[in-house]
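Colleague: So the chains spell out like this:
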Amino acid sequence: MSRRFLPGAALDRLAARTACRLLAWSAARVEGNERAWLDALAAELDEFESGGAQLLWAAGGLRLVWRGERRQLVGRAYRFSPVLVIVLGVALFVWLAFSIAQQYVWLALGLGVLTGIGVLVAVPTLIALVRACVKLVSRWLAARHADQQRLRRTWSRLALVVGSLCLVSLVGLGLALNGAVDQMLAQGPATAGVVASAADRGAVEAALRQLPGMARQDVYLTTLVKPLSVNGMPLSEVAPGPPLCPPKSLAPNCQVPTRTLAQVVQGIADKFTSIQSFDLAHGQLPDITNFDDGAGSNGPGYNQIIGPRGRRLTASDANTYNVMVAANCPKQACPGYEPVNGDLVTVESLVTRQIVQLRIVGQYYVEDGQPIPLFGMVLADDSVVRALTGGAPSYAYGLRISATQRQALFAQLRAVAPAAQLYDFTRLGSASRSVPGYTDFTDPFAAELAFAPDQAGLQAGQIGEVALLAALLASILIVATWEIRALARARRTLSAAPGT
Amino acid sequence: MARLPNTSPQTLLVLEALLEAPTAWHYGYALSQRTSLRSGTLYPLLMRLAEQGWLETRWTEPERPGRPPRHTYRLTTEGARSAAAQLANARAERGETAHHSRPGIEGAGA
Chain A
1 MSRRFLPGAA LDRLAARTAC RLLAWSAARV EGNERAWLDA LAAELDEFES GGAQLLWAAG
61 GLRLVWRGER RQLVGRAYRF SPVLVIVLGV ALFVWLAFSI AQQYVWLALG LGVLTGIGVL
121 VAVPTLIALV RACVKLVSRW LAARHADQQR LRRTWSRLAL VVGSLCLVSL VGLGLALNGA
181 VDQMLAQGPA TAGVVASAAD RGAVEAALRQ LPGMARQDVY LTTLVKPLSV NGMPLSEVAP
241 GPPLCPPKSL APNCQVPTRT LAQVVQGIAD KFTSIQSFDL AHGQLPDITN FDDGAGSNGP
301 GYNQIIGPRG RRLTASDANT YNVMVAANCP KQACPGYEPV NGDLVTVESL VTRQIVQLRI
361 VGQYYVEDGQ PIPLFGMVLA DDSVVRALTG GAPSYAYGLR ISATQRQALF AQLRAVAPAA
421 QLYDFTRLGS ASRSVPGYTD FTDPFAAELA FAPDQAGLQA GQIGEVALLA ALLASILIVA
481 TWEIRALARA RRTLSAAPGT
Chain B
1 MARLPNTSPQ TLLVLEALLE APTAWHYGYA LSQRTSLRSG TLYPLLMRLA EQGWLETRWT
61 EPERPGRPPR HTYRLTTEGA RSAAAQLANA RAERGETAHH SRPGIEGAGA
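In the order they appear, the protein sequences are chains A and B. Counting from 1, one number per residue, gives the positions in the first sequence under this note's numbering. Counting from 1, one number per residue, gives the positions in the second sequence under this note's numbering.
The hints are simulated quantities; they were obtained by calculation from the structure and are not laboratory data. Note that the coordinates shown come from a computational prediction; the quantities given were computed from them, not determined experimentally. Note that beta-carbon positions come from the ideal geometry of N, C-alpha and C, so glycine has one too. Honestly, I wouldn't trust all of these hints.
[What the hints assert, rightly or not] Chain B residues, not near chain A, derived (Cβ > 10 Å throughout):
no.: 1; residue: P5
no.: 2; residue: E20
no.: 3; residue: P22
no.: 4; residue: T23
no.: 5; residue: Q52
no.: 6; residue: G53
no.: 7; residue: E56
no.: 8; residue: R74
no.: 9; residue: E78
no.: 10; residue: A80
no.: 11; residue: L87
no.: 12; residue: A90
no.: 13; residue: R91
no.: 14; residue: R94
[Claimed, not checked] Okay, the calculated bits of chain B under chain A, using three or more residues with CB under 8 Å as the criterion:
no.: 15; stretch: 39 to 48
no.: 16; stretch: 61 to 72
[Unchecked claim] Computed from the model, here is a short list of chain A residues facing chain B with C-beta under 8 Å:
no.: 17; residue: W37
no.: 18; residue: A40
no.: 19; residue: E44
no.: 20; residue: D46
no.: 21; residue: W57
no.: 22; residue: A59
no.: 23; residue: L62
no.: 24; residue: R63
no.: 25; residue: R67
Next up, chain B with everything else stripped away, as it sits in the complex:
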């Protein structure tokens, strides 16, 4: 049976991290630290969420001279609503125990 989109554990981790501060812009590095996902997993997920319209992206000016511009991400309004629904469904299926057993997400980056 085909899996529903954006319901993989890794995707839910990213959505959860983004929903911690839904209006803030997040860096890839920070998301990786918060979700413990490697770049090879994280960036394809972000790409797919952006292609689906759940995520908006922008380039930001470097904070320190000599550094390249950084890419940042945040949920769109529609994306935030869908992400919240997905997380609620996932929690309902697995129960809050499973939620607490996952690594904690303390705030959002940037």
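In isolation and in its complexed conformation, chain A is listed as follows:
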């Protein structure tokens, strides 16, 4: 005799079985008082005749599971620790991002794109890792017959695993990123500069020799001068008069810059105040890109500046007073004045009071706000600086070194050559402010004084970063200790529980 298949009866049996499984599932997730009440609920199941009604009744057990979970969430201090780990991870990430963006502004965009691509790869990888970790932990607990609720709370374990993985990943990523950035910088333009007097030259070069792994070192001569005239005209006559507005009836909204004539003259003088020289006779040439004489860049060197007008210096300019000057004024300090190739600029040395006449043969362009590794606004042959300084010039060192090397070098130089000027070209703010000629440097003493606050700021910043990192590490250690202790307590409870 064949049995008739009744869909309604099959569904009813399925619902009844599901109700039983649901109750078993719920019972495995509650303990203590909730467990007793769930048993009470389950004991009533047989009162219902249909499987559907049993399933509806059993579903009420989920409320008891949730009630137990909610009770566990309240008043357990250690429950906050996984959240704290995640918060610390996020804080560490923000700190790393901020630190990198602050130090390497010109790399920020590239890093942002790389980070975006990295996230696309990292997120699926992280999810896979987390799932694998959770599965491993679950299997370990199952193997140990762990039925204590504390160990079974999936969210707690998940948060702990995710938080720990995030911390490890971020620390690793941060270290790797720092290394990558240092490597990139070591292959690019100069990352640091040192200007030392002839008296400090020996100490500086000794310190540089002790610095291992330096990618590149360029040495220039440099000095400061006072510009007297252009083509025989005093600077006050070279500068255009202050701009004027038409009558208000014609242009009621006209606004003129508030610079005084003295400020404009100072801006023009800044173009010529500092001189950086090259050993042109031996092939050390200003490295200029996009020069419109068709010559292009100077081969394997790094590009410092862009040359839009005239010609660049060559070996034929050795032992002449031919110079290149900036075509534009930094920060628009000298509006209305544009050098003309062939102009004769008379300058007076601040060291020896020697007066020489420089001839402009080419102009380069400095993009305002860019960290250009220059030590002087006027580019000339070494003979110019030697003539102005009486054979005792200042020495400028353009260095391609990592951030770690830079910190070590600067610390050593502050000890052995405290008068040396130290430049960090990776910091946009300090580079723009401290390159000679960009600001109102008028004599060597002013230059030294102007740089002093930078040194103090750098030290304070380093101390702050170290303090922040130490605080983060200490917090991570504390949280890790909490977690380990909590797990150890849970394990002891588990071991002491009867039947385990």
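Given the coordinates of chain A, assemble chain B onto it according to the supplied hints.
Modeller: Chain B alone, transformed into the frame defined by chain A:
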């Protein structure tokens, strides 16, 4: 403003059902049938009333072999007094009309 404890309509329904036979032991199934509350609502209410001392509980031996022991409930003396006061307050606030509009409770189970 925070609500007073045990004044929700569902709680009042359960208290009313229990007060119909204050000295009798009630089953959860029977209370559910009388109050039309689902188990997910009823049992958390019973838990809370028991934790507050309004309700006493006990396990009873199964009436039929092969069945599990059943949990039963009844109001404590203090619980019965408090429940009666709560119901009186609720009725005073809502009026007897509201009371008659609710599902009737015919006796107590068990």
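Colleague: Indicate, hint by hint, whether the structure satisfies it.
Modeller: Status of each hint after checking the structure:
Listed as outside the interface, P5 of chain B is consistent with that label: its C-beta sits roughly 16 Å from the nearest C-beta of chain A, beyond the 10 Å cut-off. Here E20 of chain B stays apart from chain A, with its beta-carbon at least about 19 Å from theirs, past the 10 Å limit. P22 of chain B, annotated as away from the interface, keeps every beta carbon of chain A farther than 10 Å; the closest lies near 20 Å. Listed as outside the interface, T23 of chain B is consistent with that label: its C-beta sits roughly 20 Å from the nearest C-beta of chain A, beyond the 10 Å cut-off.
The claim that Q52 of chain B lies off the interface holds: its Cβ sits roughly 13 Å from the closest Cβ of chain A, which is beyond the 10 Å cut-off. Against chain A, the non-interface label of G53 of chain B holds: every CB pair exceeds 10 Å, the least being about 14 Å. For E56 of chain B, the requirement that its beta carbon stay farther than 10 Å from each beta carbon of chain A is met, with the minimum near 13 Å. At roughly 14 Å from the closest C-beta of chain A, the C-beta of R74 of chain B stays outside 10 Å, upholding its exclusion from the interface.
For E78 of chain B, the requirement that its beta carbon stay farther than 10 Å from each beta carbon of chain A is met, with the minimum near 20 Å. For A80 of chain B, the requirement that its beta carbon stay farther than 10 Å from each beta carbon of chain A is met, with the minimum near 21 Å. No Cβ of chain A approaches the Cβ of L87 of chain B within 10 Å, the least distance being about 24 Å, so the stated non-interface status holds. For A90 of chain B, the requirement that its beta carbon stay farther than 10 Å from each beta carbon of chain A is met, with the minimum near 24 Å.
Listed as outside the interface, R91 of chain B is consistent with that label: its C-beta sits roughly 28 Å from the nearest C-beta of chain A, beyond the 10 Å cut-off. The non-interface label for R94 of chain B is consistent with chain A: the shortest C-beta to C-beta separation is roughly 27 Å, beyond 10 Å. Counting residues of the stretch 39 to 48 of chain B whose beta-carbon sits less than 8 Å from any beta-carbon of chain A gives 8, enough to reach three: the coverage restraint holds. For a cut-off of 8 Å, the count of residues in the stretch 61 to 72 of chain B with a CB near a CB of chain A stands at 5, and the three-residue condition holds.
With its C-beta approaching chain B no nearer than about 5 Å, W37 of chain A sits inside the 8 Å limit, and its interface hint holds. Given the 8 Å rule on beta carbons, the hint for A40 of chain A holds: about 3 Å separates it from the nearest Cβ of chain B. Taking 8 Å as the C-beta contact cut-off toward chain B, the hint placing E44 of chain A at the interface holds, the least distance being around 4 Å. Restraint check, D46 of chain A versus chain B: the minimum CB separation of about 6 Å is within 8 Å; hint holds.
Nearest Cβ of chain B to the Cβ of W57 of chain A: about 5 Å, under the 8 Å cut. The hint holds. A distance limit of 8 Å between C-beta atoms decides the matter here; for A59 of chain A the minimum to chain B is near 6 Å, and the interface restraint holds. A distance limit of 8 Å between C-beta atoms decides the matter here; for L62 of chain A the minimum to chain B is near 7 Å, and the interface restraint holds. Using the Cβ-Cβ criterion of 8 Å, the hint placing R63 of chain A at the interface with chain B is satisfied: the shortest such distance is roughly 4 Å.
A least Cβ separation of about 6 Å between R67 of chain A and chain B falls short of the 8 Å threshold, and the interface hint therefore holds.
Every hint, counting from the list given before, is met by this structure.
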